[in-house]
Amino acid sequence: MVDPKKIRKTILQMLYKAGASHLGSNMSVIEMLVAMFSSVDCHKIISGSNDRSRIFISKGHCAAGTYATMAYFNIIPFELLETYHQDDSLLTGHVSHEVIGVEHSTGALGHGLNVAVGCALGLKSKNVQDAKVLVLCGDGEIQEGSIWEGLMFAVHKKLNNLCVLIDNNRISSITMTYDVIDLRPLRSRFEGFGLNVYEVDGHNISEIQDCINKATDFSVPTVIICNTVKGKDVPFAEWQPVWHYRSLTEALYNEAVTYLDNK
Amino acid sequence: MRNIIIESIISEMEKNENIFFLTADMGINLVEKVEEKFPKRFANVGIAEQNLIGVASGLANLGFIPFVYTISNFVIHRCYEQIRNDIILHNNPITLIGTSTGYDNAPLGPTHHSIDDWGALRNFPGIDIYCPGSISYAKSLIKKIIDNKKPAYIRIPKGEFIKPDSDQDIVLLEGNNKSTLLITYGSPAQECIKVQEKNVDISVLVFNKLVSLDITGLKETLAGYDRLIVVEDHFASSGLYGLLCEFCNSNLIYKQLTSFAPTYYNFQVGRSSSYFHKKFGLSSEEINGKL
Chain L
516 MVDPKKIRKT ILQMLYKAGA SHLGSNMSVI EMLVAMFSSV DCHKIISGSN
566 DRSRIFISKG HCAAGTYATM AYFNIIPFEL LETYHQDDSL LTGHVSHEVI
616 GVEHSTGALG HGLNVAVGCA LGLKSKNVQD AKVLVLCGDG EIQEGSIWEG
666 LMFAVHKKLN NLCVLIDNNR ISSITMTYDV IDLRPLRSRF EGFGLNVYEV
716 DGHNISEIQD CINKATDFSV PTVIICNTVK GKDVPFAEWQ PVWHYRSLTE
766 ALYNEAVTYL DNK
Chain Z
-18 MRNIIIESII SEMEKNENIF FLTADMGINL VEKVEEKFPK RFANVGIAEQ
32 NLIGVASGLA NLGFIPFVYT ISNFVIHRCY EQIRNDIILH NNPITLIGTS
82 TGYDNAPLGP THHSIDDWGA LRNFPGIDIY CPGSISYAKS LIKKIIDNKK
132 PAYIRIPKGE FIKPDSDQDI VLLEGNNKST LLITYGSPAQ ECIKVQEKNV
182 DISVLVFNKL VSLDITGLKE TLAGYDRLIV VEDHFASSGL YGLLCEFCNS
232 NLIYKQLTSF APTYYNFQVG RSSSYFHKKF GLSSEEINGK L
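As you go down the protein sequences, you meet chains L and Z in turn. By the working numbering, the letter at position 136 of the first sequence is numbered 651, and the numbering carries on one by one without gaps. By the working numbering, the letter at position 90 of the second sequence is numbered 71, and the numbering carries on one by one without gaps.
In isolation and in its complexed conformation, chain L is listed as follows:
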């Protein structure tokens, strides 16, 4: 099993070297990403086999976390991570389909889910039975109307090969997500749209994996609400909205790495 602590240390290195933001958003999704990539055939992703299971990162700004996770799953080389945010690199601050393993370039929120829905529809059309489509969305992202367009359609077409994971870190870019638009209780929102819903500890990999595996038992798509901590395991960043944007100083980078080493 890939160690989330190692992924977090790698992300800290990437973000510090690049002077990049989105630390909080990246740290909340690590266990979710590990669960997702553990649930698909990565060899088929690397080879581009058309009957592969697919992962869509609709929350495109967790690019550093996605790239780091993909390196630990041997989809991209570790050396490539050093080029994150550097001139001429393909590792942009939002995931790019120019990078092997990334299905679709995202960044503007509320796009990736709809593309994932299209993939799920297409796999059904081609009678591909054992491929799934996993998509990672943010809890602020679900304020975009296009998300609900996609979910309504996916339920109506019974796309039970689609599994949507919500990074419910409860902070968007200024304040708590529920202070902007209060969609609580999320579970009944999604159930009201006809989805099968799980709600889990978003930092428990096996709990998330278990839900992904059970998703195809149902006749409708599944939503897994993953309750997470924005900035998880970076104590000065946890629950702090400003760490959506702030970049690391040398001192804070060292403090963060030391904490993880001692954890």
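Since the hints were derived computationally from the structure, they do not count as laboratory data. Beta carbons: idealized from backbone N, C-alpha and C, even for Gly. Be a bit skeptical, because a hint or two may be false.
Computed footprint of chain Z on chain L, listed as stretches where at least three residues anywhere in the stretch have a Cβ under 8 angstroms from a Cβ of chain Z [claimed, not checked]: (1) 550 to 563; (2) 577 to 588; (3) 723 to 729.
In silico DSSO-like cross-links for lysine-lysine, where the CA-CA straight-line distance does not exceed 30 angstroms [as the list claims (entries may be wrong)]: (4) L:Lys673 to L:Lys639; (5) L:Lys559 to Z:Lys130; (6) L:Lys639 to Z:Lys21; (7) Z:Lys159 to L:Lys639; (8) L:Lys673 to Z:Lys(-4); (9) L:Lys672 to Z:Lys159; (10) L:Lys641 to Z:Lys21; (11) Z:Lys159 to L:Lys673; (12) Z:Lys14 to L:Lys641; (13) Z:Lys(-4) to L:Lys641; (14) L:Lys672 to Z:Lys200; (15) Z:Lys14 to L:Lys672; (16) L:Lys639 to Z:Lys125; (17) L:Lys729 to Z:Lys159; (18) Z:Lys159 to Z:Lys200; (19) L:Lys559 to Z:Lys131; (20) Z:Lys21 to L:Lys559.
Chain Z: place on chain L using the hints.
Same frame as chain L, now just chain Z:
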């Protein structure tokens, strides 16, 4: 001509199992036969244009060739960012089909006037834009688009136009002299052809494809006339007038281009497109009056 386009798509779907047809709940008495023949390659996503483009992009990820269908305004404006990010950035071979152009939906009010549709797509590199001006061109179009394997937009005027009877992207209907060239596309092209029928000196250049321009001979054609008048049912600066201003400038064709085009959104009822063609100088009578 929308029935010709749909029949062409059905014909291609019979030969190519990768073609997928989607609609945003438009096309009564047209799309049902697509669904009946190809239920696994048809989807009505409902009145949800952003999802329409997203789903088409997901299908393209699997190697499908999606055609999406709704009214021109909606297929562009409602899902503009999806076109940009999910189609253009990925060079997905998705074709947007917009029915109704210009003032085809005249009495329905300005939200349904397509006078600003394709111009919005001029912003984006890598998407071809067509406005089939005749049945012949419409019949040839779908196969051409599939072979090109790139994003495309087709804006379909209402009506069954016979002239110009050609499958060429740009068609010159030469008049008797090189004094005046009416440059046009879509419904206004029919008005320009009427002008030529009454005045054989007038030449008409009909564009069936607007972007990317087939420039073969275009420079020589434009340079050969004294007066160039662009007649279109679309705002001028983002329309063919603007496009040709750029073309003439970069090809050192120093002619004055005149624009006959709508210049504002109009809230008056027009019972038919003729009302607005008259208002904005696009009817054959108005054009004749200004020549």
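Now for the hints, and whether the structure bears them out:
1. 550 to 563: Three-residue rule not met by the stretch 550 to 563 of chain L, so violated; n is 0.
2. 577 to 588: violated (count 0)
3. 723 to 729: violated (count 0)
4. L:Lys673 to L:Lys639: 10 angstroms, holds
5. L:Lys559 to Z:Lys130: 25 angstroms, holds
6. L:Lys639 to Z:Lys21: Judged against 30 angstroms, a Cα distance of about 8 angstroms means the pair holds.
7. Z:Lys159 to L:Lys639: Between Z:Lys159 and L:Lys639 the Cα gap is close to 59 angstroms, so the pair fails against 30 angstroms, i.e. violated.
8. L:Lys673 to Z:Lys(-4): Cα-Cα ~28 angstroms, so holds.
9. L:Lys672 to Z:Lys159: 59 angstroms, violated
10. L:Lys641 to Z:Lys21: Distance of about 8 angstroms is within 30 angstroms: holds.
11. Z:Lys159 to L:Lys673: Distance of about 63 angstroms is beyond 30 angstroms: violated.
12. Z:Lys14 to L:Lys641: 21 angstroms, holds
13. Z:Lys(-4) to L:Lys641: 16 angstroms, holds
14. L:Lys672 to Z:Lys200: Given pair L:Lys672, Z:Lys200 is violated - Cα atoms ~51 angstroms apart, limit 30 angstroms.
15. Z:Lys14 to L:Lys672: Holds. Z:Lys14 to L:Lys672 sits at ~20 angstroms (cutoff 30 angstroms).
16. L:Lys639 to Z:Lys125: This hinted pair holds, its Cα atoms lying about 28 angstroms apart.
17. L:Lys729 to Z:Lys159: With a Cα-Cα distance of about 74 angstroms, the restraint between L:Lys729 and Z:Lys159 is violated, given a limit of 30 angstroms.
18. Z:Lys159 to Z:Lys200: Holds, because 14 angstroms separates the two Cα atoms, which is no more than 30 angstroms.
19. L:Lys559 to Z:Lys131: 26 angstroms, holds
20. Z:Lys21 to L:Lys559: Judged against 30 angstroms, a Cα distance of about 25 angstroms means the pair holds.
Hint violations for this structure: numbers 1, 2, 3, 7, 9, 11, 14 and 17, all remaining hints satisfied.
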